[in-house]
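Number of protein chains: 2
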Amino acid sequence: MSRWHMLVLFFLAGTTAFSQNADSVFIKSISDEILTNGKAYENLRQLTKQIGGRLAGSPGMVKAEEWGLKKMQESGADKAWMQECMVPHWVRGGKDEAKASWNEPAKASSNKNSVKLVRSLDIIALGNSIGTGEKGITGEVLLINSFDELEKKKEEVKGKIVFYNYRFNDTYINTFLSYRDAGQYRGQGPSRAAKYGAKAVLVRSMTHAADNNPHTGATRYDSAYAKIPAAAIGLKDADQLSAQLQNNQVNVTLKTNGHFLPDTIGHNIIGELTGSAFPEEIITVGGHLDSWDNCEGAHDDGAGVVQTIEIMRAFKSLGYKPRRTIRFVLFANEENGGRGGAKYADEAKAKNEKHLFALESDAGGFTPRGLGLSGTEEQYQKFLTWRELIAPYGASEFNKGGGGSDIGPLSKAFNTATGSLNPDTQRYFDIHHARSDVFENVNKRELLLGAVNMAALIYLVDKYGL
Amino acid sequence: MSRWHMLVLFFLAGTTAFSQNADSVFIKSISDEILTNGKAYENLRQLTKQIGGRLAGSPGMVKAEEWGLKKMQESGADKAWMQECMVPHWVRGGKDEAKASWNEPAKASSNKNSVKLVRSLDIIALGNSIGTGEKGITGEVLLINSFDELEKKKEEVKGKIVFYNYRFNDTYINTFLSYRDAGQYRGQGPSRAAKYGAKAVLVRSMTHAADNNPHTGATRYDSAYAKIPAAAIGLKDADQLSAQLQNNQVNVTLKTNGHFLPDTIGHNIIGELTGSAFPEEIITVGGHLDSWDNCEGAHDDGAGVVQTIEIMRAFKSLGYKPRRTIRFVLFANEENGGRGGAKYADEAKAKNEKHLFALESDAGGFTPRGLGLSGTEEQYQKFLTWRELIAPYGASEFNKGGGGSDIGPLSKAFNTATGSLNPDTQRYFDIHHARSDVFENVNKRELLLGAVNMAALIYLVDKYGL
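So the sequence lines, in the order shown, correspond to chains A and B. Those letters in the first sequence? Residues 8 to 473, by our numbering. Those letters in the second sequence? Residues 8 to 473, by our numbering.
Treat the hints with care, as some may be off.
Because identical chains share one entry, a pair is satisfied inside a single copy or across any pair of copies.
Said to hold, decoys possible - Cross-link-like lysine to aspartate or glutamate pairs, in silico, EDC-like; alpha carbons within 16 Å at most:
#: 1; residue 1: LYS358; residue 2: GLU287
#: 2; residue 1: LYS407; residue 2: GLU384
#: 3; residue 1: LYS243; residue 2: ASP218
Note that these hints are calculated values from the structure, not bench results.
From just these sequences and the hints, can you work out the full model?
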């Protein structure tokens, strides 16, 4: 592309609706402030490179909490505090390892015997899973492509290592649908296999990526069945293993070390700008501070964390005095317990707080495409009137349905309207819960634009209510 | 993000309008075909890794043309041919080099003399620029932050190397606006400096990226003034050079070798699916096959090339028989001459062809956000009626104004309506015309989705006219 005059027209067409009223002027000033002076990218660098992984209960969690509180204070909070909550403390306990072995049949032309081949698999234990013990578990692998197939082959499961090779669906445009679809195998797969006597489970990673990075995530044991070790396997290894299983018996030796330590103390980190007109009406905006241990948690959810802090910084920097109280919350333990979100709602209930709206960013620091809202029809209609003001900044798709797991409990407790930033979903599951979820895979402008669109919505809810 | 049930609602909301008529069913089949069996990504790997840079006149151009013709044939063209056109043949002629030197003043506490420091700069000659000659050009650097400043300092320019340090504007949301804004310094800068006697020009690269890769692109000499050598400089070096110039005189020795060889023969590569009902009505879809020499041209415009081929492949694979004739065109010489686009229109005029619509993809292989259309108001209104059918695949922003430099001549010749795929713009200028425009920076699904949205529009224009 060397000539741009045509392309420029698109933008102009998109902005004719950009009426020159006070709101559009202020939203432009938010955008300029964040795009020019934004600290979110540098803050993300600190969170990912100086702290890194920060699973509930880990030393990283403690460091991240201290860092978050300091950032809230530095960024101009009227008040900033840590809200204590007990969090689960699952540890990986060592390196996850797996080796596959099979007999390569002798060639017809050769008079040699068959040869035993052994190959390492790139795996990672699922969060909350139990370990195999020191010796590991060895067993024959049973290839299962779907739960339907599991039911058909249930007689063959006993004593085997079940390998769920369910593919991430390419045909959904929104990749969260592929994730919901395939995610069942991570969540329910181990117990469904244990029901028929499996001794361990391998799960194909939930991703479109063509690399071999395994993707972790929490599994949920059904208490009706034995807990068995479970691990995710990288895509290339999954493909090779399934190909090998077409012709050969394959045994796998799996060694994982996951276990729970006693629950420990974690914290939601909260910064507040106190409302000038209606301080009792609370607007919450947040992301989660914890991440899986095998990555930097840059997109998930470092992005939501630094965007949350950025919105406060920009409001302060612009001298904006909110009418309502805005709480900026870095939630604890989203990944493997959800205790932070629950605690935030519980304390709000105990104090009989009035929660008007909550907004969550937990779908990565990618270019913003839209905003979603769950609330009454009246609230949704009001939300739609703001579309023209926000769309020029990227979030042009205003959808019904929005929220997230950390603000879900607030919605249940108070019928609080909840919203979410909806970034583009195409690249999210390339890196989600994998070692490739690192700072280098976050684009500065995409990250900052997420904060711009969220800040614009928060400003409008603060000014006009919802 | 470990819980997704909320997020899924967004997608469902976005697809309620997805009426189950024949068009939506066929567009879904296009999408499934491309997302599941698409060859665009592997084709891009071949084009970038086996051929690489392919500037007009280069050996890469010749290889790319052969490759393009073969791909058209393999992908099922009813006819495929090469349309000859003369192209300019600019060559870089060697490695571009620059060294900055200045005297570091002696410290007050020291009795030593000042020290001369020399530092290499990461530069790349602008396309179409003349070289410095073997010995290079040495001169004092004059820092110029804008054309206004150039006019104010015009008396100081004579004999100097002008360094335009105009910043890429952070506040535009559509980065093509920042490019138009800063691009003037690349296009006009050398001649405007030559007017006042400058001996060479350095230009700050046009990018938001924080790396030091210099970004080339074509300059345009004004024949009223002397041609002087001109090069782009990486952002880090630009910042350091401008900082140094606050306190010190800096000399730069620039060595570039660019020159023109005689015009040579290049080709547009054309594949055609001949219309079954109205074969005389032609719809064109294309991207440009040439790229700068300093990169793989993966996004610019390898993406447009492989998307164009992909649409034909998908139509053939689905057994789609177009009513009108669809031409799939890989244009020659977009980057530094535009001869391919001009030739295509000239031949169409000479043959008195009937061109209904032309669609171009030349803004990178990023996630699609919209489609733009330039045409009559009636055509635009018809285009808008298709929005609901296409929006579920990503191109939800239907804008007035669309086209591109390769199909511009067709529009001029016939008033043909022109359209463009509008991908997200945030990352484009990170890599545009820089050595980082490589295959690894293209995401498979983002690339394929671009083809899906283009194919849907082509299908609708083919079926209903425009």
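Unmet hints by their number, sorted upward, for this structure | none
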